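> Going down the list, the protein sequences come from chains A and B.
So for the first sequence, the numbering used here puts the first residue at 716; every next one is plus one.
So for the second sequence, the numbering used here puts the first residue at 10; every next one is plus one.
None of these hints come from the bench; they were simulated from the model.
Take these hints with a grain of salt, some might be off.
[Unchecked claim] Derived lysine to aspartate or glutamate pairs resembling EDC-like cross-links, with alpha carbons at most 16 Å apart: (1) 161/B x 819/A; (2) 110/B x 97/B; (3) 854/A x 771/A; (4) 95/B x 742/A; (5) 161/B x 820/A; (6) 164/B x 819/A; (7) 158/B x 819/A; (8) 158/B x 751/A.
Note that the coordinates shown come from a computational prediction; the quantities given were computed from them, not determined experimentally.
Next come the chains, spelled out residue by residue.
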Amino acid sequence: MAQQRGRWELTIDARQSSLGAVADFIEEMCDTLDLDEDTAFAVRLATDEACQNAVEHSCHFAEDREVTVSCEQVGSDLAITIRDRGEPFDPTKARPPRFDAPLDERNGGGLGIYFMRQMMDEVRFDRAPDGVNSVTMVKRGVVASRERHPTH
Amino acid sequence: MCSPMYPSDDRSVASIHIIHVAATCGKNIRGHISFLYFAAYCGIIRALGVIGSLQNPEHLENRCTTHKGIRKTPHEEEPMETQARKLEIVTTELKRCDLVKFDGRIDSSAAPKVEEALKAIIDAGRYRIVLDMSGVDFTSSAFLRVLIKYMKVCKRWNRGDVRLAALQQRIADVLDLAGLTPLFKIFEDDTLAVGSF
Numbered sequence: 716m717a718q719q720r721g722r723w724e725l726t727i728d729a730r731q732s733s734l735g736a737v738a739d740f741i742e743e744m745c746d747t748l749d750l751d752e753d754t755a756f757a758v759r760l761a762t763d764e765a766c767q768n769a770v771e772h773s774c775h776f777a778e779d780r781e782v783t784v785s786c787e788q789v790g791s792d793l794a795i796t797i798r799d800r801g802e803p804f805d806p807t808k809a810r811p812p813r814f815d816a817p818l819d820e821r822n823g824g825g826l827g828i829y830f831m832r833q834m835m836d837e838v839r840f841d842r843a844p845d846g847v848n849s850v851t852m853v854k855r856g857v858v859a860s861r862e863r864h865p866t867h
Numbered sequence: 010m011c012s013p014m015y016p017s018d019d020r021s022v023a024s025i026h027i028i029h030v031a032a033t034c035g036k037n038i039r040g041h042i043s044f045l046y047f048a049a050y051c052g053i054i055r056a057l058g059v060i061g062s063l064q065n066p067e068h069l070e071n072r073c074t075t076h077k078g079i080r081k082t083p084h085e086e087e088p089m090e091t092q093a094r095k096l097e098i099v100t101t102e103l104k105r106c107d108l109v110k111f112d113g114r115i116d117s118s119a120a121p122k123v124e125e126a127l128k129a130i131i132d133a134g135r136y137r138i139v140l141d142m143s144g145v146d147f148t149s150s151a152f153l154r155v156l157i158k159y160m161k162v163c164k165r166w167n168r169g170d171v172r173l174a175a176l177q178q179r180i181a182d183v184l185d186l187a188g189l190t191p192l193f194k195i196f197e198d199d200t201l202a203v204g205s206f
């Protein structure tokens, strides 16, 4: 029996206000796949954080740059990939959040990648030779088998 | 006589209505000549309005986002909506503090709106703030950064605080995951939070 598959994609300008469209897109995809509420929240949060990083740190809010969000269902797994042609991003250089620091020494930095790793089963950062940054996040075993899922 | 109100971007409907009123007045006063002059005038105003809307950056932004939209496969015949769900923010100035009630989703695109609301309170010289989060079902780290920033501003020189009320469980979990729970005073509802000042 062939695996159930589905693919969705959205491209936005690299601006803060466009992130609302990403949130709508992910919400609707979660509804379509009938994900449970906890999984849907995790996917929404991880995608919001990854897109915020792409728009802010990679594209520096340059409106002539684009960020593409692709979601792919393969069987019961869901993979979300965020691509842009902004500056290279090295996740190992990102400062981790400081949970034990007093309020005066905290600014919320580093929470984005931390949330992505906490919410998803796998997070990969890549830089292709053609200059495309990609972040791939996978959530495993979250899509229930149903006949009405798109197949191709 | 009351004149009808129109949204600023719906000038075409407005001008049609004005032409209808002008037609009625024209017949009663000087016949059709006055109507024709008035209709021509409305046409010019409408044309200027269309040019104005093309030059409006907000219109361009909306068109751009919608145009790119979503390439959804294999259901391309069922395009998804891309309009962001709005976050509603209502600020109420109370005797003890300011109560800010949110309703909707505080994603990264909405966090600047939250910052704007908190900044307005602080710019007015008030530093005791309660955030009623009962209507919020989603937040990201962008909102948490705003929270931390304004918490610091309000607590400076012991002049105030930012206190949270009525957190939904998932929002409380996000706050906990970020290690922020010990830094905030969190209350079951807004009455208790306001009373704590």
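> Indicate, hint by hint, whether the structure satisfies it.
To see whether the hints hold, each was checked on the structure:
no. : hint          : verdict
1   : 161/B x 819/A : 7 Å, holds
2   : 110/B x 97/B  : 8 Å, holds
3   : 854/A x 771/A : 24 Å, violated
4   : 95/B x 742/A  : 14 Å, holds
5   : 161/B x 820/A : 10 Å, holds
6   : 164/B x 819/A : 10 Å, holds
7   : 158/B x 819/A : 9 Å, holds
8   : 158/B x 751/A : 33 Å, violated
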